[in-house]
Amino acid sequence: MIVQIGFALLALIAMTPLAVRLYTALRFRSRTYTVQTVPERRVAIIFGARVYPDNRLSAMLADRVATGADLYHAGKVDVLLMTGDNSTADYNEPGAMRLYAMALGVPEEAIVLDYAGRRTYDSCYRARYIFNVREAILVTQNFHLDRALMTCNALGIDAVGVPADYQRPWGYSSRSLNWSRAREIPATVVAVLDVLRRRPATILGEPLPIFPDEMVD
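Here the sequence shown is numbered in my numbering, starting from 250 and rising by one per residue.
To be clear, the hints were calculated from the coordinates, so they are not data collected in a lab. Cβ atoms here follow ideal geometry from the backbone N, Cα and C, with glycine treated the same way. Be a bit skeptical, because a hint or two may be false.
FRET-style restraints, in silico, Cβ to Cβ [claimed, not checked]:
1. Arg-276 to Asp-303: 35 to 41 Å
2. Gly-344 to Pro-456: 18 to 24 Å
3. Tyr-301 to Asn-391: 22 to 28 Å
4. Pro-356 to Arg-446: 36 to 42 Å
5. Leu-442 to Asp-327: 29 to 35 Å
6. Arg-276 to Arg-448: 32 to 38 Å
7. Arg-424 to Asp-462: 45 to 51 Å
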């Protein structure tokens, strides 16, 4: 009997992350749109991802930036907030994202960089409390979008999302896509815990509101 209870508890523990992931996906799916149907916001938050040593964007990151550029050209947003990792001098996701967006016709003055978006939670927290973003369109892959929407909305950003899947012709490797999808299960649990604790971002700093005319709170 004790052994059976033990196995039941282990099964429950194993299923909890899956349940959290499923709930998050179902809860925020209604806030997902296309470039054409998404409500207008002043800001689109473009989440960082891998950049290669030659400054070339990974396929997923290229898709995110291209989708952000599409939103800008469609008149859906005024500013693209590029948030990513710049933890070392020779690795700069936001800088590479800006160059790519400019090559797609987005003017430099419409791009704001957040160099301390090392994690999704940090990017959302800093968007709200450093850049004073209150409404935003989130741009990332579909597998990541639910977690980003949950995090931003929990932190006080009225966020909707546009998935950035398969915009570039070279696509994604099966290995990369499968790993990313599997990673979302524990990552969503960690995000929920961060939100519940209102954990500050790893790097903060003074407020830098994107729109100075808006009151900082």
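Problem set entry | Violated hints, by number in ascending order, as checked against the structure | Result: hint 6 breaks, nothing else.
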